[in-house]
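Listed below, chain by chain, are the residues.
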Amino acid sequence: MDALQPEATPDFTRMAKPTIVNRMRVLILAAHPRTVQSIAQRAMSRALEGIAGVTLRDLYALYPDFNIHAETEQEILLAHDLIVLQHPFYWYSAPAIIKEWLDIVLEAGWAYGAGGTMLAGKYLMTAISTGGRADFYHAKGRNRFTIEDLLAPFNQTAHLCGMAYLAPFVVYAARKQSAGDLATAAESYRQLIEGFARGKIDPTEHLAAGYHLPDGFKRRHAL
Amino acid sequence: MSLNDFLLGSLLYLAAAVISAPIAKRLGLGSVLGFLAAGAIIGPSVLGLVGNEGEAVKHFAEFGVIVMLFLVGLELEPSKLWQLRQKIFGLGLLQVAGTALVVGAASLVISSGWRESLAIGLILALSSTAIVLQTMEEKGTLKTPVGQSVFSVLLFQDISVIPMLALLPLLAVASAHGGDDHSASLIAGYPVWAQALFTIGAVGLVLVAGRYLMRPLFRIVADTGTREIFVAFALLIVVGITLLMGLVGLSAALGTFLAGVVLADSEYRHELEMDLQPFKGLLLAIFFIAVGAGIDFSLIASGPMLLGLSLTAFILLKLATHFGLARLFGLNGPDTSRFSFALAQGSEFGFVLITFCAGLGLLTGDMPGLLTAVIALSMAAAPLLMMLDEKVLQPRFADGDFLRDHDAVSHSGADVIIAGHGRFGMTIGRVLNAQGKRTVVLDLDSSQVDTLRRFGFKVFYGDALRLDLLEAAGAKEATVMVIAIDDREKATELVKIARHNFPHLKLLVRVFDRSHAYDLIREGVDNVYREVFGSSMDLAKDALMALGVHPYEAQRTITRFRALDEKLLRTSAAHANDESKLIDLAKQSRAEIARVFAADKGGGQTPPDVAWHDDDKSTP
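Residue numbers (our numbering), protein chains in the order written: chain A, 259 to 481; chain B, 97 to 716.
Simulated from the structure, these hints should not be mistaken for laboratory data. Be a bit skeptical, because a hint or two may be false.
[Said to hold, decoys possible] Lysine to any residue pairs mimicking SDA-like chemistry, simulated, CA-CA at most 25 Å apart: (1) B/Lys239 <-> B/Ile316; (2) A/Lys357 <-> B/Ile654; (3) B/Lys663 <-> A/Asp323; (4) A/Lys357 <-> B/Arg652; (5) B/Lys176 <-> B/Leu424; (6) A/Lys357 <-> B/Val645; (7) B/Lys663 <-> B/Asp674; (8) A/Lys357 <-> B/Thr653.
Taking the hints into account, I'd like the entire structure generated from these sequences.
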């Protein structure tokens, strides 16, 4: 069964610590229930192939029956600095498995609440593709709220866990884009993630608009 | 006796049994009375079809009593026997002593003196184990508290025969040694202390062998998988103990009873019961017929007054004594009545003691004949008396309270009964146990049972198709029954038994294939599980993934396919015998499956992608 998974889980505990302080280990939690039909998501995932220090996990492939294994997921989280939730923006939110993952993995006393500091000092980012055009996401637009407004639950989730919440990466109107535009979007996504991974982009310069770091936020390096 | 004579005799006894039992049952009289009546009819006094060999047949058939006590022992775990100790040695001792004194004193009127009267009292104090246990078992009252009291008394009586045989000679004025085979044990020549040692040794041997030797032997025998060998071994044990007890002059019934008790908590208990039951039933039937045939009607005709008075006095005195004792031991009204009537007859051991005492010169003149007739007639009257109690007296006590007796059968309190604990049922059991559910497992594979018991599973060796076994397993209290038997016909049969007798049980049934599933769906079972369907679905899913299908896609495909196939299974069940209709339905189903999966692949309009809204005006 394991052999059939697209991505075998590496042994993170045995990985050497990054020698350059600003380097980040990046965990991409990708979620698309119908990968065959996806356009933007597939392009985004492919764009990240081969970048050192980036782990990509396809949640629907790993847990087709939704039976998410919390301990495994937590262990993997500890081995990374930046967590990216990469998914289509279904119904102004994430596909079901992302919610299930949050519910199961971010346990009280581990991620938040008394003693729940395991994610404090790490970074969270969303990387989404939408159906609507950018101008739809506006107080006067068809969708009535900005992307930032609609992503408030993720913003607050990061805050509660003591994490820094980065500005979202958004591919708008994913189904309407030409192949060339899509390739451009995927390339800028690759540059962003690679920049974080190599320590070339300072994540604190990349916080979501208006986001205040949680009290006492201090960068904590991955195990 | 030539072979033909033997066959002719067998024919008569079997025919009498086969004809009389159904008639007696139909009349509501119980089989015992039927057998006694049939015996009387074919006996020398009426038709004369069987003659003097009746005595020999009776001795042979007494073996049935011994088998019965073995079976009674099997039902009684050692701890339960220990709980009965007060009743056995208190109630039992007082019953024998009390009845002997009362009946003996009354017999002074017709006896030649106190010695003869005491002998008469002791002889008549005993009650018929065969009749009482058989009748109570038929009525299902043996395991009730009063049934246990009755049983305790019978057990003590059985034990007391031995000291009686030892003491009666001391009572005899004339020291002429009669000698009966019961006292002529091999160890009679040894001093008393040596005899005691032999006796204790023999009982110890039965207990120790039963505990440590018989189980492994049963395992070996059961492993052969040959039922006949198992039956033969069970009989071998009973016969062996009978002979061993005979050697040391102990009661064979007591010995086999103890062996039964020792084996009561073994996993082969149910199997032993099942296999020995027919022997017990048949032998007892022959025994009762022989007793019936032994009733000497000429004696009744020659002195009906004396016999009638003696019989009436005997039964009334016995009843009175039992009433007093039952009250003394705190039995309630209805139970006192049951107890007293149950034991108000003479015993088959009485015949032996009569011969023995006559030989000692303790009984004189017509007394042996009279006593024999009294005992035989009281035995014939016993089922009638118990019926009198049940039909006339018990309803008078009816304030509802004693009706609860039937609840007293003990259950193990399981949530789930798993019938069949092979590779299929075992997985189910493990899951349920992991959830802390109480399971009782019945399996017919002895080596499987042993293995599982070593791993700490609560598994019983036995046939789940037996109603009493299901009841003992707690079918009345359980919520669910999992039928995972590795035999198609048996599984279907068990479904019928369970639905008929335990309609409250939710049945989850392993079936073998489509046609077996059809059978059971039409029996009304909703939960049928084709044994390899689940794993073939698992494999199909992995095959899809090996072909590059995304795991979540494969998962959804399998789930949908399974649902559609289950639907087809259920619609097809109604037309299981109509092949053209089945083919029709299968084609329809294939088309439906194709349609569903085509729609699934077709594009963005299946559920997850509807959620993924576009800038098109028709989407949200």
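Outcome of the hint check:
For a cut-off of 25 Å, the pair hint linking B/Lys239 to B/Ile316 is broken: about 32 Å separates their Cα positions. For the hint linking A/Lys357 to B/Ile654, the alpha-carbon distance of about 24 Å falls within 25 Å, and the restraint holds. Between the alpha carbons of B/Lys663 and A/Asp323 the distance comes to roughly 22 Å, so the proposed pair stays at or under 25 Å and holds. The hinted pair formed by A/Lys357 and B/Arg652 meets the criterion: a straight-line CA distance of about 19 Å does not exceed 25 Å.
A C-alpha spacing of about 22 Å is found between B/Lys176 and B/Leu424, which places the hinted pair at or below 25 Å, so the restraint holds. A threshold of 25 Å between alpha carbons decides the hint, and for A/Lys357 with B/Val645 the separation of about 24 Å falls inside it, so the pair holds. Taking the CA atoms of B/Lys663 and B/Asp674, the gap is about 18 Å. The hint holds against a cut of 25 Å. Of the pairs offered as hints, the one joining A/Lys357 and B/Thr653 holds, with about 23 Å between alpha carbons and a cut-off of 25 Å not exceeded.
Checked against the numbered hints above, the structure violates only hint 1.
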